[in-house]
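Listed in order, the protein sequences are those of chains A, B, C and D.
Residue numbers for the first sequence follow full-length UniProt numbering, so the first one is 1 and each next one is one higher.
Residue numbers for the second sequence follow full-length UniProt numbering, so the first one is 1 and each next one is one higher.
Residue numbers for the third sequence follow full-length UniProt numbering, so the first one is 1 and each next one is one higher.
Residue numbers for the fourth sequence follow full-length UniProt numbering, so the first one is 1 and each next one is one higher.
Don't read these hints as lab results, they were simulated from the structure.
Among these hints, one or two may not hold up.
No copy labels: a pair is met if it fits in one copy or bridges any two.
No more than 25 Å apart at the CA atoms, straight line, and that leaves these computed lysine-lysine pairs for PhoX-like [claimed, not checked]:
1) Lys46 to Lys142
2) Lys251 to Lys209
3) Lys46 to Lys333
4) Lys192 to Lys209
5) Lys142 to Lys192
6) Lys333 to Lys55
7) Lys55 to Lys251
There are 4 protein chains.
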Amino acid sequence: MNKQTVRIGLIGAGRMGSFHAENLAYRVPGATLAAVADPLPGAAEKLASRLGVSKAYSDLQALLQDPEIDAVAIAAPARTHAEWVIAAANAGKHVFCEKPMAVTLEEADRAIAAARQAGVVLQVGFNRRFDSGFAAAIEAVKAGENGTTQLSRSVTRDPGLQDPAPIPQWTIFFETLIHDFDTLLHFNPGAKPVEVYALADALVRPDFKDRGLLDTAVVTLRFDNGAIAIAEANFQAVYGYDVRGEVFGSKGMLQAGHINANHCVRYTANGIAVDTSRLDSDLLREAYVAEMAEFARCIRSGETPRATGEDARNALAIALACIESVQRNQPVKLEAR
Amino acid sequence: MNKQTVRIGLIGAGRMGSFHAENLAYRVPGATLAAVADPLPGAAEKLASRLGVSKAYSDLQALLQDPEIDAVAIAAPARTHAEWVIAAANAGKHVFCEKPMAVTLEEADRAIAAARQAGVVLQVGFNRRFDSGFAAAIEAVKAGENGTTQLSRSVTRDPGLQDPAPIPQWTIFFETLIHDFDTLLHFNPGAKPVEVYALADALVRPDFKDRGLLDTAVVTLRFDNGAIAIAEANFQAVYGYDVRGEVFGSKGMLQAGHINANHCVRYTANGIAVDTSRLDSDLLREAYVAEMAEFARCIRSGETPRATGEDARNALAIALACIESVQRNQPVKLEAR
Amino acid sequence: MNKQTVRIGLIGAGRMGSFHAENLAYRVPGATLAAVADPLPGAAEKLASRLGVSKAYSDLQALLQDPEIDAVAIAAPARTHAEWVIAAANAGKHVFCEKPMAVTLEEADRAIAAARQAGVVLQVGFNRRFDSGFAAAIEAVKAGENGTTQLSRSVTRDPGLQDPAPIPQWTIFFETLIHDFDTLLHFNPGAKPVEVYALADALVRPDFKDRGLLDTAVVTLRFDNGAIAIAEANFQAVYGYDVRGEVFGSKGMLQAGHINANHCVRYTANGIAVDTSRLDSDLLREAYVAEMAEFARCIRSGETPRATGEDARNALAIALACIESVQRNQPVKLEAR
Amino acid sequence: MNKQTVRIGLIGAGRMGSFHAENLAYRVPGATLAAVADPLPGAAEKLASRLGVSKAYSDLQALLQDPEIDAVAIAAPARTHAEWVIAAANAGKHVFCEKPMAVTLEEADRAIAAARQAGVVLQVGFNRRFDSGFAAAIEAVKAGENGTTQLSRSVTRDPGLQDPAPIPQWTIFFETLIHDFDTLLHFNPGAKPVEVYALADALVRPDFKDRGLLDTAVVTLRFDNGAIAIAEANFQAVYGYDVRGEVFGSKGMLQAGHINANHCVRYTANGIAVDTSRLDSDLLREAYVAEMAEFARCIRSGETPRATGEDARNALAIALACIESVQRNQPVKLEAR
């Protein structure tokens, strides 16, 4: 195939890793899946074989040493992300990392520094920004078409909570709302968040509250230009995956996102009905492909990707303040960097 | 006309009073406008004459003594509402009062007690609950179709701030968000609000902040069943009047409200476009008529109206807590009644 | 009440007549219901009594002689419409006539001439043109915003066929599609229809085809400016009343009409759902009131109403050509007037 | 790459060919672009080089002899399609052919026979059936959810007519409405079309009418079960690409298709606005990929593709009857096969 094709090695062959792998194998212009690595015995081989990829590693470090790999896509467990970013950068590989890139600011700063020092591209998996609706809204805000942002809202509702046992505490902030924080920061470009107030509870599964699982949260965020933003998350929307954003400014309002699965509307004796999406990978299918295509493009061109390590750090700072706010039931100030 | 027609006297011939007067004169089955009262010289006469009503009073007490009046509709300045409710009830008149019915809890309690003692109907102008969309959503929640409420949202955005000079401080809570508080209480029936956190600022007209005018606010409300509700208001939506509600529960989500002015969609070289509404009296025209029709019906039948003095008191308690929260920048507990 | 109020006598106390009567009694600014006439013993009295109207006639001519009546609203059986228009005009009464105003062109011409000679207002019940969505579309077309009309479509689907036995033959053209023909003529102002091709069948109730009941029809209409229009009707839409229009021109497309009953959207485990309208009087409630308000206004001001006897004649000419087209299964030319 | 990957050779490197080539090169799971052929000097090389494909042919027959090619995708000029289908089948290659597969029934029959005899897969480019909305509607109809089809409609409006000079006569039927005929046949499965009436004119560019260019058409189609279908086409929708379908049956209505380009809604002082799509390849991007993925899947599995040579023949029969109907201005019967 094309010599300009970027050869990507995947780290982590779980649900999200497999999804990225399929996209890289079949759907991403300018990129190809060159290897799969996963410490779980047989996992890398199985995925590699299904997708016709010849290299499979159970030693993740071995993948980083492979000279035929240009870049890595990290879809390992969240708490290991930062260390893999640093290791990959040190090995001279470009890095695409699923969110959250880090769970402490210190880790985030080290990851950013490692990528900068190695001169590699570092992109973070804020896929929502590659959705055509969100991208159009953010572009319109940046272009000033919506005026000065005064109010904004970002919502994430997952379609269901099957077996929440292994979900680590604060997941709702680190893994779910981190998307919304990133969106809200881009709905108010140039402004800095100054204060956070967060509420979180176990409303879907009160019986799991003891284990620390919080499944519902609302965050209020105040910016230095006075704008107020709201983020909302819940782990069980029975109607399907629900991702929406709204930004209200002095010149109007923009809404992005949607819930319907397709463009078929059904009119029956029970009313009008539309199908909804069960999976984020259905709802945002094109965005997942677009983010990888941009990653490959940036590697070839040297451009800075749309979703950077700094973006990951900025969203993380809000998540950390939310956790403190929930613990103290008080608004929490965000330190100036 | 029909002997069963309820004869209503209007108190206050300003913008909102005139609007109610037109509806009563022409559009409300079971009610008729029998008199108009306004202390401003000539105002009552002018409106009465335009609508073909024979009685006009500049002495508001005189209207209350008129034996041919069955009921009054109060559209006087907000801070006088409670006193007029009490006076009307004492005069044996049924009372429809624009929101807010009172601005202190003590006043609200006295108004409720006066109506109860006089045995008159007391209805409050929470028109949104008579909008067919909001009414359907609230009914579905009550019927359990949406499951247990976990998250909810209510938005009010006024179309513009022309001359804000005479707007009294805290108007955004007392006169605007009071609607949203009422909606959110009905989106979570049976639950009690326990804590409020409010942010408010002058983002539309920062130059009026000194005079105390706050034009943008966001309120987070926690209920005793764990549900979290958000209310949002802004005084200048350039696209028109914007009133929407959303309630998310264990069995689904309901959305009510809309922004479009009619059912004409325009597809042009610039994209797809829909007209928006400039006035709340356009957006909620049918709701304004429906609330008065219900008032007349309750007077004849003895039923309790959908929007009661207690509802007004419950929404007011939240508004007062919001003001304290803004002043202290802290979450504020709501006293159990 | 207001001296300027137009006093209207109703002819025909059936379903449609009762609906107009309620509007006139309670909801139409500038008009009042002054009398009801119906030959069926007791029908006029019953409706009059329910609405608090003092005059009820079983002799319809008596109503026309009543000097306290300014105008009549005709909701008698369709085939008697033209004779009542002529009689009312001869008696000096302004006339609102439900559609179709006539079932032959000769009748239509006589009705128009009678009104002209008597100098009375003659308005026809093309309510759709008073719906805010259709009105906005027609206005945009007239203003040239949509460019030259090239294609257009008008749809009417009734919610159900309970007991079709008494439906006279060709009802689908005379009573249903007549609305669509009127709409299509206003979607292409200034152009003349030149040829018609119609298909009609009994698809809902094939068992009634012998009796001549046709419940489904499609009409293609060609105009002298080349534009092609389509009208569609069916008597049983299980999802509710369905009235929509679309006009496509050199500068864009306009769509009017809607199906949903309110602005409440329900998201459940089964998808997204919206309620639909079961009755035309629900779907077009405001349009029914608006047409009567315009009738009263035109009587007072001397203006020509939006929906005239000429409009009724133009739509009728198409209906008659459709019947011929169905009978011959051929396109049929429309005579130049 | 994957050994199961189907190796496809492209015939025709024009606009549509290039679009399919990009999809095959980058986006279609299970298929790869192995060669490009075009008689225009340099055209194949240029496209092949851009996409990193090593083989480029100016002799189209040479591609058919290439043993490393499993299948061909034909995007040559419409009037050569059938001959290429036959030649490819004779060479033992599976065939994907853009619509129309043929322009005479005799050609269509020969193409179908050639594929059958060679035992190769023959799929036709009715991409609309791979759009998730249309696919869901067709599936619901097949499953009986919509009851018996009574009325249906299919619309195609292209976004613009730049330089219509080379457009051959009857293109609107052979290349545009052929999609709509295929859709309408699938909206009424099991029924046979029995009669066609078509109107066509040059309304966008009347100045090109002399050259035979018809840019606007409306077709009425009657089925043997009484159902009536309408197809509509126009070559210049200034608001963008417009592809929609509607099927009304005894149990409800289904609508498929859409016009908006993304899920961003803009609310401004001028109303509510949504972007539209300028290209069919934008509007139906996923459908173009899905049809090729299905082609590859059918080759591997031996299944019959969703859009067959028979489908192409059935739609063509309607197009031919339309042309006769326009020429005679009469309804035209469709021969039973």
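Tell me, which hint numbers fail for this structure?
-> The structure breaks hints 1, 3, 6, 7; every other hint is satisfied.
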